[in-house]
Amino acid sequence: MTKPLSAPLDVGFDYTRSLGPTLGRFLTDLRRRKVTGIRGSDGRVHVPPLEYDPVTAERLTEFVDVASTGVVRGWSWIPEPLEGQPLDRPFAWALIQLDGADTSLLHAVDAGSPDRMSTGARVRVRWRADRVGAITDIECFELSDEPADEPVPADEVTMVTTPVHLHYTHSASPTEDPFLRGLMEGRLIAQRCPACSKVYFPPRPACPTDGVPTTEQIELSDRGTVTTFCVVNVPFLGQRIPPPYVSAYVLLDGADIPFLHLLLGVAPEDVRMGMRVEAVWKPREEWGPTMQNIDHFRPSGEPDAPFDSYSQHL
Amino acid sequence: MRDIAVVGFAQTPCVRETDGTTNGVEMLVPIFHEVLGSLGLTKSDIGFWCSGSSDYLAGRAFSFVSAVDAIGAFPPIMESHVEMDAAWALYEAWVKLLCGEVDTALVYGFGKSSAGQLRRVMAMQLDPYVVTPLWPDSVGLAGIQARMGIEAGLWDAEAMASVAARSRAAAVSNPLAQLSGSVEVADLLATPYVADPLRRHDCAPITDGAATIVLAAGDRARELCERPAWITGFEHRTDSPSFGARDLLTSPSTVAAGKAAGAEGVEVAELHAPFSHQEILLRQALGLGDDVVVNPSGGVLAGNPMFAAGLARIGEAARRVHDGSASKVLGHATSGPLLQQNLVCVMEGRE
Ligand SMILES: [Zn+2]
Chain E
1 MTKPLSAPLD VGFDYTRSLG PTLGRFLTDL RRRKVTGIRG SDGRVHVPPL
51 EYDPVTAERL TEFVDVASTG VVRGWSWIPE PLEGQPLDRP FAWALIQLDG
101 ADTSLLHAVD AGSPDRMSTG ARVRVRWRAD RVGAITDIEC FELSDEPADE
151 PVPADEVTMV TTPVHLHYTH SASPTEDPFL RGLMEGRLIA QRCPACSKVY
201 FPPRPACPTD GVPTTEQIEL SDRGTVTTFC VVNVPFLGQR IPPPYVSAYV
251 LLDGADIPFL HLLLGVAPED VRMGMRVEAV WKPREEWGPT MQNIDHFRPS
301 GEPDAPFDSY SQHL
Chain C
1 MRDIAVVGFA QTPCVRETDG TTNGVEMLVP IFHEVLGSLG LTKSDIGFWC
51 SGSSDYLAGR AFSFVSAVDA IGAFPPIMES HVEMDAAWAL YEAWVKLLCG
101 EVDTALVYGF GKSSAGQLRR VMAMQLDPYV VTPLWPDSVG LAGIQARMGI
151 EAGLWDAEAM ASVAARSRAA AVSNPLAQLS GSVEVADLLA TPYVADPLRR
201 HDCAPITDGA ATIVLAAGDR ARELCERPAW ITGFEHRTDS PSFGARDLLT
251 SPSTVAAGKA AGAEGVEVAE LHAPFSHQEI LLRQALGLGD DVVVNPSGGV
301 LAGNPMFAAG LARIGEAARR VHDGSASKVL GHATSGPLLQ QNLVCVMEGR
351 E
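These protein sequences, in sequence, are chains E and C.
With full-length UniProt numbering, letter number 123 in the first sequence gets 123, and the count goes up by one each step, no holes.
With full-length UniProt numbering, letter number 255 in the second sequence gets 255, and the count goes up by one each step, no holes.
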């Protein structure tokens with residue numbers, strides 16, 4: 001068997017979070033080139049500051065200024081940095097206990113070589129020039145006995161935005177694969193469940209009723225029946241067609257599961273449940289392994305299907 | 001309290017990359033068939049279903065909902081999910097059985113780590129304000145812990161490599177393992193660092209796989225299984241997510257869970273230690289002496305299907321009770337960065 005079709009998918013989202021009084025103070029101070037900790041119930045100074053004590057769960061409120069210099073308490077060496085990490089050349093991850101703190105902060109140390117790193121080494125903050133109120137305002141730490149740059153004034157921050165980008169390769173399932181390859185040739189390939197004989201289009205890896213893989217392939221025509229529909233009146237980002245227009249569930253002849261597609265060539269007020277429709281394909285040169293090969297459905301002109309013929313598929 | 005036992009266990013082979021989708025269906029269908037078939041059950045005999053998986057690992061929304069296709073959820077089933085290792089789904093199912101609502105439960109976990117970049121995906125479980133924006137990778141973080149232990153004299157590179165060598169040797173008897181064979185500690189120590197002080201053998205491999213366990217209560221368990229693995233202690237505990245404030249050279253949550261679950265006297269322990277030094281740390285935290293057989297399956301250094309590997313540890317331990325080779329066993333699972341959350345399941349056979 002050939003390998004199923006696969007394709008890369010990059011998932012990205014900018015997580016925007018409100019900071020609250022504790023982390024707001026910490027990140028505002030980073031913007032001001034200052035590091036602030038908080039005193040725990042046991043007197044320990046936590047950096048980064050915690051909102052609640054990790055042992056007693058008491059709310060913590062006593063902020064404590066700590067230095068921008070400190071000592072390495074533990075480290076590892078990253079010979080090949082990954083996307084998004086503080087440095088794009090080899091560096092050390094380190095737990096750093098800042099002078100005046102009792103706990104350690106995780107950050108990168110720009111040491112150049114693992115030979116220069118050691119537990120107990122003195123480090124200082126290298127402040128980023130364009131600070132926004134984020135942990136990345138600390139560009140990294142550097143090996144040094146000298147003080148870091150002096151604090152400067154800056155506005156308070158109350159929100160932080162963290163972009164997240166992850167990269168995947170998605171594979172089609174063994175049942176989706178012939179479906180997608182069929183679409184490239186303008187064919188509609190469904191699968192029949194060996195247990196209940198239901199025909200799935202698009203196919204699924206297993207019959208959701210019986211939990212068995214579907215094995216039998218069936219080619220369907222591109223005609224079907226509108227089982228239900230809605231009139232889209234609301235504009236949204238990325239909309240292809242000016243509203244109002246109709247999104248309809250289409251049950252292809254011979255299939256047991258309807259799918260959602262666009263219905264054009266008819267005024268929204270004239271669309272009915274049971275309306276017979278046919279696919280309007282894009283030009284062949286635009287076809288790919290996608291249902292978008294069908295540009296939309298339009299009325300076929302046949303008489304409406306009786307309700308009983310689709311009542312079990314709503 | 002009702003007596004509840006692990007009566008069935010199945011898992012897929014641990015492999016570096018599968019062709020299937022990230023919703024797990026292709027991996028789950030065969031192991032559901034295997035575990036239900038071995039017990040003479042069908043899906044309608046299962047009172048409760050519970051799974052563990054992650055959408056970040058799957059790279060798609062609601063992957064656990066798609067996974068339900070593998071069950072055949074019609075007529076509707078009673079079902080739940082945790083975004084954690086499925087060992088915690090087993091805990092939820094155990095509570096459900098304890099409440100007397102149902103007599104049987106099937107628990108499953110699945111993960112296709114090969115679809116994404118596991119070291120980066122794992123940054124999603126860290127503090128989103130002050131840690132995740134730095135994209136710390138799981139191997140780099142574990143390296144810090146490993147070095148602290150080396151410098152504190154708790155273990156050294158040779159002890160770590162010995163864990164890896166013993167895991168792979170044990171995995172020779174496990175046909176589902178990803179890494180197995182006879183390796184010399186000296187040869188392992190001659191390999192380059194992935195994240196100094198960690199070498200490749202110190203890190204669990206990237207694995208696609210799935211696992212499932214069937215639980216049953218009282219007489220139902222005795223009917224289904226000649227030698228049920230009765231759960232005599234099942235506890236989970238957590239440490240602060242602020243790992244810079246934790247003592248990384250021990251695991252208070254493991255110590256507490258082990259004590260509460262009654263870990264003393266076990267003959268076999270399957271430990272969920274994704275890094276070699278963590279096995280040494282967990283052994284100490286659970287008070288396991290040299291007479292305890294640790295990870296006879298090879299453990300996760302021989303194959304680490306994310307979100308299923310902890311559940312599989314409990315299944316592997318239970319198997320030693322089922323086959324009569326042990327009478328008191330322990331399965332451990334971990335979740336979160338640097339052994340933050342730990343679960344201990346103690347099981348016993350009865351004559
Ligand atoms: Zn079916």
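Each hint should be verified, as a subset may be incorrect.
Unchecked claim - If the Cβ cut is set under 8 Å, some of the chain E residues that face chain C in the computed set are: (1) P4; (2) V11; (3) P213; (4) T215; (5) Q217.
Claimed, not checked - Only part of the chain E face toward chain C is listed, based on derived beta-carbon distances under 10 Å: (6) T28; (7) W287; (8) T290; (9) Q292.
If you are wondering where the hints come from, they were derived from the structure by calculation, not from laboratory data.
Small disclaimer: the values here were computed from a predicted structure and weren't measured.
Using N, Cα and C, we set each Cβ at its ideal position, and we do this for glycine too.
How the hints compare with the structure:
no.: 1; hint: P4; result: holds, 5 Å
no.: 2; hint: V11; result: holds, 6 Å
no.: 3; hint: P213; result: holds, 6 Å
no.: 4; hint: T215; result: violated, 12 Å
no.: 5; hint: Q217; result: violated, 17 Å
no.: 6; hint: T28; result: violated, 13 Å
no.: 7; hint: W287; result: violated, 23 Å
no.: 8; hint: T290; result: violated, 17 Å
no.: 9; hint: Q292; result: violated, 19 Å
Of the numbered hints listed earlier, those contradicted by the structure are 4, 5, 6, 7, 8, 9.
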